[in-house]
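A.B. asks: Spelled out from the first residue to the last, the chains are:
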Amino acid sequence: MCLAIPMKVISIHGNEGTVKAGNLSRRANFSLLKGVKPGDYVLLHAGFAIEKVDAIEAKGMLKLIREV
Amino acid sequence: MRYVDEFRNRKLIDKIARLIREKMAGRAEYKIMEVCGTHTMAIARWGLRQILPDNVKLISGPGCPVCVTPKKYIDKAVALSRMPEVTIATFGDMLRVPGSYSSLDKERSAGASVKLVYSTDDALDIARKYPRRQVVFLGIGFETTAPTVAASILEAKKEGLKNYSVLCGHKTMPEALKKLVVDNRTRIDGFLLPGHVSAIIGSLPYEFLAEEYSKSCVVGGFEPVDILESIFMLISQKKPKVEIEYSRITHPSGNSTARRVMERVFVKADSVWRGIGKVRSSGLRIRKDFSDFDADIRFSPNIRPVREDARCICGDVLKGVKVPPQCALFGRSCTPEHPVGACMVSSEGTCAAYYKYGV
Numbered sequence: 001m002c003l004a005i006p007m008k009v010i011s012i013h014g015n016e017g018t019v020k021a022g023n024l025s026r027r028a029n030f031s032l033l034k035g036v037k038p039g040d041y042v043l044l045h046a047g048f049a050i051e052k053v054d055a056i057e058a059k060g061m062l063k064l065i066r067e068v
Numbered sequence: 001m002r003y004v005d006e007f008r009n010r011k012l013i014d015k016i017a018r019l020i021r022e023k024m025a026g027r028a029e030y031k032i033m034e035v036c037g038t039h040t041m042a043i044a045r046w047g048l049r050q051i052l053p054d055n056v057k058l059i060s061g062p063g064c065p066v067c068v069t070p071k072k073y074i075d076k077a078v079a080l081s082r083m084p085e086v087t088i089a090t091f092g093d094m095l096r097v098p099g100s101y102s103s104l105d106k107e108r109s110a111g112a113s114v115k116l117v118y119s120t121d122d123a124l125d126i127a128r129k130y131p132r133r134q135v136v137f138l139g140i141g142f143e144t145t146a147p148t149v150a151a152s153i154l155e156a157k158k159e160g161l162k163n164y165s166v167l168c169g170h171k172t173m174p175e176a177l178k179k180l181v182v183d184n185r186t187r188i189d190g191f192l193l194p195g196h197v198s199a200i201i202g203s204l205p206y207e208f209l210a211e212e213y214s215k216s217c218v219v220g221g222f223e224p225v226d227i228l229e230s231i232f233m234l235i236s237q238k239k240p241k242v243e244i245e246y247s248r249i250t251h252p253s254g255n256s257t258a259r260r261v262m263e264r265v266f267v268k269a270d271s272v273w274r275g276i277g278k279v280r281s282s283g284l285r286i287r288k289d290f291s292d293f294d295a296d297i298r299f300s301p302n303i304r305p306v307r308e309d310a311r312c313i314c315g316d317v318l319k320g321v322k323v324p325p326q327c328a329l330f331g332r333s334c335t336p337e338h339p340v341g342a343c344m345v346s347s348e349g350t351c352a353a354y355y356k357y358g359v
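Residue numbers (this note's numbering), protein chains in the order written: chain A, 1 to 68; chain B, 1 to 359.
No wet-lab data here; the hints were simulated from the structure. All C-beta atoms in this analysis are idealised placements derived from N, C-alpha and C, irrespective of residue type, glycine included. One or more hints might be untrue.
What the hints assert, rightly or not - Okay, the calculated bits of chain A under chain B, using three or more residues with CB under 8 Å as the criterion:
#1 5-11
#2 29-36
#3 47-61
Said to hold, decoys possible - The calculated DSSO-like cross-link candidates involving lysine-lysine, where the alpha carbons are at most 30 Å apart (straight line), are:
#4 59(A) <-> 238(B)
#5 162(B) <-> 34(A)
#6 63(A) <-> 241(B)
#7 356(B) <-> 322(B)
#8 8(A) <-> 158(B)
All chains, please: the whole structure from these sequences, using the hints.
C.D. replies: The following block contains the structure:
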């Protein structure tokens with residue numbers, strides 16, 4: 001139920017937009033997340049973008065594990 | 001896929017598993033509850049139990065929304081589906097959950113209008129397209145899903161849609177965890193906390209688990225590297241605290257925009273969890289300002305007394321007290337094709353995970 005996947009924002013107009021992951025393209029609702037722009041990665045849950053993916057944090061976590 | 005593949009890297013998985021084994025060598029058993037059903041499924045799918053040392057125990061928690069939804073809710077949904085003017089719109093998982101006397105799947109076969117949707121936007125589309133139908137969306141799920149349902153009610157109100165409502169069965173996670181800890185039937189050392197619930201509520205609402213109950217907590221992501229790293233962080237804590245592994249998504253303060261939407265439409269209320277019982281302030285109900293969109297109020301579904309199957313141990317499984325193979329029905333009269341309990345129906349149910357992956 002709480003499944004959500006990171007998808008790239010392709011376009012956004014008001015609260016509506018399109019996101020993409022691999023070959024999968026979807027309509028997305030942005031009313032729950034402010035300050036999103038095309039090119040950002042967002043977490044899509046049940047058709048809604050619920051959070052931005054933080055690229056720096058993602059990289060940092062992987063680096064940390066590699067260096068342990 | 002970006003942000004997915006790199007967290008499934010075999011070398012990293014092996015490395016963290018080795019670090020966990022080294023850290024746990026000679027230590028007493030460490031019991032971790034993975035709260036979220038999506039974690040349960042990922043752990044089974046990636047075979048993570050098998051690569052952990054014997055003294056790290058993973059037990060499943062109450063984080064499968066379909067599983068903790070009481071039968072009474074299903075019975076109400078079935079009663080609504082029998083009203084000739086009603087179209088039920090629901091996420092797929094709810095379809096086959098047995099109620100006391102029927103399921104939505106059976107009602108659909110008998111002619112009821114039940115539509116599977118991917119999001120509340122799809123449910124609103126049905127309402128717009130068929131103005132003479134009364135579309136009732138089955139609002140179940142935790143804080144991840146509740147804001148999306150709240151947003152649909154705000155949108156319906158804005159558009160003046162008179163044929164959309166929600167049967168509200170939403171639940172909130174921290175209060176249920178408190179109940180589990182207070183009851184203390186399962187000795188839990190650490191919690192693997194739900195990453196997507198926490199994307200909305202942040203990590204602050206769990207602080208009491210560390211401060212008052214000395215439980216270690218890590219908010220974790222759902223890929224194998226995330227889950228193992230979270231376990232490593234849990235067993236490495238010297239003093240119980242709440243940490244975030246899933247930092248690419250979850251912040252301590254969560255998503256305040258989503259929370260504001262949720263709080264505008266819903267208010268905290270007591271809620272009944274299957275297996276756990278009534279838990280104070282662990283659910284959401286629709287505020288009076290939005291009662292036009294409350295299917296309970298609009299239709300007052302009439303139901304017969306709830307009937308439980310006494311042989312089903314879903315309740316104990318949801319509390320982490322028992323595991324599915326301890327159930328006499330598991331794999332025999334209860335299978336994903338013919339489920340008796342909700343834990344076997346939902347794709348995130350513990351019984352379904354054990355059955356599918358032969359854990």
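A.B. asks: For each hint, tell me whether it holds in the structure or not.
C.D. replies: Tested hints:
1. 5-11: Since three or more residues must qualify, the claim that chain B covers the stretch 5-11 of chain A holds, with 3 doing so at under 8 Å.
2. 29-36: holds (count 5)
3. 47-61: Result for this restraint: holds, n = 11.
4. 59(A) <-> 238(B): holds, 26 Å
5. 162(B) <-> 34(A): holds, 29 Å
6. 63(A) <-> 241(B): Roughly 23 Å between the alpha carbons, so the hint for residue 63(A) and residue 241(B) holds.
7. 356(B) <-> 322(B): holds, 18 Å
8. 8(A) <-> 158(B): The hint holds at about 29 Å.
Hint check: no violations occur; every hint is consistent with the structure.
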